[in-house]
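Student: Letter by letter, the chains look like this.
Number of protein chains: 2
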Amino acid sequence: MAPMSAPTSDLAAARIDVVGLRRLLDEPYEEVRDETRERLVRLGVLPPETLSVLPHEEYRELVLTWAQQLAADGGTGLGFPTEYGGGGDVGGSIAAFETLGIGDLSLLVKCGVQFGLFGGAVLHLGTRHHHDKYLADILTMELPGCFAMTETGHGSNVQQLETTTTYDPDADQLVVHTPTVSGRKDYIGNAARDGRMAVVFTQLVVGGESRGVHAVLVPIRDVAGRSRPGVTIEDCGPKTGLNGVDNGRLSFDQVRVPREALLDRFAEITDDGEYFSRIENPDKRFFTMLGTLVQGRISIAGAGISASKLALSIAVRYGERRRQFGPPGEDAEAVLFDFRAHRRRLLPRLARTYALHAAQQGLIDGLHEAFGDFAESEDPGRDRRELEAAAAGIKASSTWHTTDTVQGCREACGGAGYLAENRFAALKADTDVFSTFEGDNTVLLQLVAKGLLTDYRDEFGDLDPLGMARFVADQVFETVIEKTSARQLVERLVDAVPTRDDDAGLLDREYQLELFRWREDHVVAGVARRLKRGIDAGQDPFEVFADVQDHVLTAAWVHIERLLLEAFDGLVQRCGDPDLREVLDRLCSLHALAEVERDRGWFQEHGRLSGERSKAVISTVNRLCDELRPHAVDLVDAFGIPDELLAAPIAFDD
Amino acid sequence: MAPMSAPTSDLAAARIDVVGLRRLLDEPYEEVRDETRERLVRLGVLPPETLSVLPHEEYRELVLTWAQQLAADGGTGLGFPTEYGGGGDVGGSIAAFETLGIGDLSLLVKCGVQFGLFGGAVLHLGTRHHHDKYLADILTMELPGCFAMTETGHGSNVQQLETTTTYDPDADQLVVHTPTVSGRKDYIGNAARDGRMAVVFTQLVVGGESRGVHAVLVPIRDVAGRSRPGVTIEDCGPKTGLNGVDNGRLSFDQVRVPREALLDRFAEITDDGEYFSRIENPDKRFFTMLGTLVQGRISIAGAGISASKLALSIAVRYGERRRQFGPPGEDAEAVLFDFRAHRRRLLPRLARTYALHAAQQGLIDGLHEAFGDFAESEDPGRDRRELEAAAAGIKASSTWHTTDTVQGCREACGGAGYLAENRFAALKADTDVFSTFEGDNTVLLQLVAKGLLTDYRDEFGDLDPLGMARFVADQVFETVIEKTSARQLVERLVDAVPTRDDDAGLLDREYQLELFRWREDHVVAGVARRLKRGIDAGQDPFEVFADVQDHVLTAAWVHIERLLLEAFDGLVQRCGDPDLREVLDRLCSLHALAEVERDRGWFQEHGRLSGERSKAVISTVNRLCDELRPHAVDLVDAFGIPDELLAAPIAFDD
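Chains A and B, in that order, give the protein sequences. If you want our numbering, it's the position in the first sequence, counting the first as 1, plus 108. If you want our numbering, it's the position in the second sequence, counting the first as 1, plus 108.
The hints are simulated quantities; they were obtained by calculation from the structure and are not laboratory data. Mixed in with the good hints, there may be bad ones.
Same chains, same label: a pair holds when it works inside one copy or across any pair of copies.
To be verified - Calculated lysine-lysine pairs in the DSS-like style (CA-CA distance at most 30 angstroms, straight line): (1) Lys241 with Lys392; (2) Lys640 with Lys241; (3) Lys558 with Lys392; (4) Lys723 with Lys640; (5) Lys723 with Lys558; (6) Lys640 with Lys558; (7) Lys241 with Lys723.
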């Protein structure tokens, strides 16, 4: 039976070079990605339904073994200097990590903890003597370790951590201590079973004075696996997912370590027992240290995208195979994709996955540039701040997209999607925490917004009084425009011009970008105004913030949306194959217009869409779904997930 | 520290009588609900983290034992006639079942399969001799059974089932047979381990002629648990959740059963071997049989609501306890609810849960009326059709709400929400399939829409030519109004009148209801027009449908939204306590306006909200969240979930 939806353009005739598209998506890390895919296949990952019933202790053991095999195979050290056995390729290390996301996600997180967080902290917060002493063993997994930041009472507010490290000048030692239950390190990966050392984030006290949060290396187990004296280790127990990772709790009872255990890149205790940092401002020092977390956020963003790709690869293939209902009087039932609701459920999510992939590639490039020589400056400056903000934003956007996409794909596969063998069980359970760890998404959006407002304040600052006056007048003018809706009326007149192809303008990339940019500018300006108004009125700053919080989050969201659309557009531009480019261009439009459709309430409120044009957006999204449907399977095949890893029986012909 | 958000009305002073509110929610089934709560506590349900790692075979054994205990305790037979040991209280049986939703959901589903689906089919599709022979044993769980409808290749399209039952007049027997793999019965609860008999839905062939789908009782295991000859049973294996239920696959190889095995309430094979049914139209016969499924859908709707209540009870309590960040310079950090984004995340979902609860109560009343005397007519008529449509719609709405609410609550609890002990792990995994089983939600929405359009056609049919002309003219007029946006301009003028309390109108229940009703009428009329246009143009009906599907689903959705708001309003009206009523009234407004906010794109497109008024909706939702926040804990406590069942450590003070 022919597809139900007759395409209304030539797009159906476009031929997708799947290999070429895959290369376009993989570059410049084609080799690294292919090697990782092969490594995962070689590990011989168990069938998902078997893995789902493995007792947790066996699962943990298996994941440790896999991680060791990957390490021995050279698959995990790409991001470290070659002198310690690494690959000296920061960008490649992220590409490799995110490719692990198509395999077992406990393995991914185990590797993330060992090589990204623990190894990364030693590399970026430590100095030469820490590197020489530990990095080689970390890379081979001879020294399994933890990244002990979160406390039971303190998740997102790291500056308020309770664990203390007090310098004892007499013994020339550091004393690490957990004063309260809420100060216990919690949810720490690698802690419950395998970790032998931990990077512990604590309040450093030197000379009786608190110096803010610093990281200290603390041995937690001996080689025989026994807890070190003064260290109490608990198991966090069963979790929603990721049960191959041994999350635990760590408490310290006056545990003594040598002064050298302080990771002293940004602050040190001198031989005289004095505290010294070249970064004088404690806040700045703190955020500089935290800046090294950027790599973890980019890694999780990528893992989320990989999980989305996997879910879509299964659901899209099933959607072209599974028959349900059908035209009356015909023998064969229609396939799921013959129904518009099915195309609507999967194709905008597929488009957004491409957008995120493109944005993620931009993050990897930025990271590679910032950290590529392992010697970034202490004041990373504006580029680095922009990278951090973009990483925070894309991590939030990507991981929420993962939750949404995995759920949508599961539902699109009906009851079959509920069986563990078809992978959604583990995908759902394992990815669920992505929106929380490496920074809670809501808190990350606030970080993004803070960056935007800082930029804004800077701009304000640069304006002379005349410019400032003009700015305020512009705002007032804009408000007036909105209230009288003159702009809307003008647009309505334009819309009234009869035209056969009345959504032509909607497919114009410049028009789409302009809509996204205008929205961002407008929302950010609005937040700035509301904040200023509250402050001017003498309100308590916290209350002002609490009151504007939803607006602040919107500002961050629409900023990220603009980044995503620009990134996807960049991917389209890079594509040389005319057929492929046409398909990608439409996919990019689907991504853009699906977002405009979602937020069309806002665009109408602000006079940027008339009611008629808003309705045209909906029908154009429908049309794009219809046009892209014949290419859907090719578009997921280009994600290059090997059949062995796709695994789900419903993704294959019987 | 005082709450950050100063309430802007007197609502904060309102005193909630939690016991009274609980009674209002529970009535008229307070006793049944309380008994069920106590029964669940008495079962001594295991801690969630223990349950989460139980090997599946042990879990299945445990769930069977619990179900048997409940049955022995009289907790599961309420919906059956007293002469077979039942309680003769159909409405109470649903109230009891939905209360099971605050306990282990495998137990709920196991009971649903045994007593609702299997027992319900024997009761409603069978006749006296089936009842006498089986019901007593079904009620005690002496005879565990299955409801074998779904096939591997046929989930939603039950009319296309492949399994056949052929009448052999020589032996006076029925021969049940599975012709293909896609005709295998799949995902059947109680099949993999415990079931001894199955109600099998098959194509009945009598006298060489196919008579459509009919249900036949087929023994599948002997008392020793061995498969009967000709019956092949497979285990579906691990699932995302509900692993205490033994889902399996059944295939039949020419299995012979006596003629009496046919459940013959709506069609029989006479002693002469002739097929006879008083319902001549095969489609009508089929849908009459399927009508008995209504009870299952109402049950799952209720279970979804209970799961939402549980998730919200945990997250709301945690939101008032957990501290994070805080006003600079103060020692104590703020609690999560001090942040607007947190209130926004939880309170509209809480409001919607109340709306669903109220609508569900209406369904139970309707069901009790329709099935209360266990002797409903064969042509159930309009009331019954309306009940079926409402049940389908509220099941879809409720279960999607569950998925959304459990996810939102998990994220609102951060990393702690990821630990199995805090219940979201099982809640997520177990409820995920609610949107698929007992009718896929998307398919159910289509069923709802079909009912709406049928009503519409009836209305059309009743109109004389003059009325018809007026109707069409009205539509055109309306379209013109929208295009010129005259209505919008008028509303804008109204909005421009300065008023201190500019959202006063928004809180008017009549205004809210009118918005919802207008939207429903408009969307349904639009679908009818588009369908008619397509048919008039000679398009293939399936193509016409496929093309309008998204609009059809919207029609169903907005219809259900109207039902929900009316139901919630009814609950407010029933409340006699003035303080409580005021709080519920605001909660109802929050529910209504959160939905208007979600769909404000549509309301603007159709000239029902100006941009300014649309913005006012957003700020009113914010304000209502602020005002209701002091009552949030009371509003979840009124759900009456015993501490033992709430279980999650984060829901309690340390």
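Student: Each hint needs a verdict: does it hold in this structure or not?
Tutor: Status of each hint after checking the structure:
Only within a single protomer do Lys241 and Lys392 lie at most 30 angstroms apart by alpha-carbon distance; the minimum there is 28 angstroms, versus 80 angstroms between protomers. Taking the shortest alpha-carbon separations for Lys640 and Lys241, neither the intra-copy value of 51 angstroms nor the inter-copy value of 78 angstroms comes in at or below 30 angstroms. For a Cα distance limit of 30 angstroms, the shortest separation of Lys558 from Lys392 inside one copy, 15 angstroms, qualifies, whereas the shortest one across copies, 62 angstroms, does not. Taking the closest pair of Cα atoms, Lys723 and Lys640 come within 30 angstroms of each other only across two copies (20 angstroms); inside a single copy the shortest separation is 36 angstroms, beyond that limit.
In the homo-oligomer, the alpha carbons of Lys723 and Lys558 lie at most 30 angstroms apart only across protomers (24 angstroms), although the nearest pairing inside one protomer, at 34 angstroms, exceeds that limit. In this assembly of identical chains, Lys640 and Lys558 lie within 30 angstroms of each other by CA distance solely inside one copy; the values are 14 angstroms within and 53 angstroms between copies. When the C-alpha separation of Lys241 and Lys723 is checked against a cutoff of 30 angstroms, the pair qualifies neither within a copy, at 64 angstroms, nor between copies, at 60 angstroms.
Of the numbered hints given earlier, the model fails hints 2, 7; all others are met.
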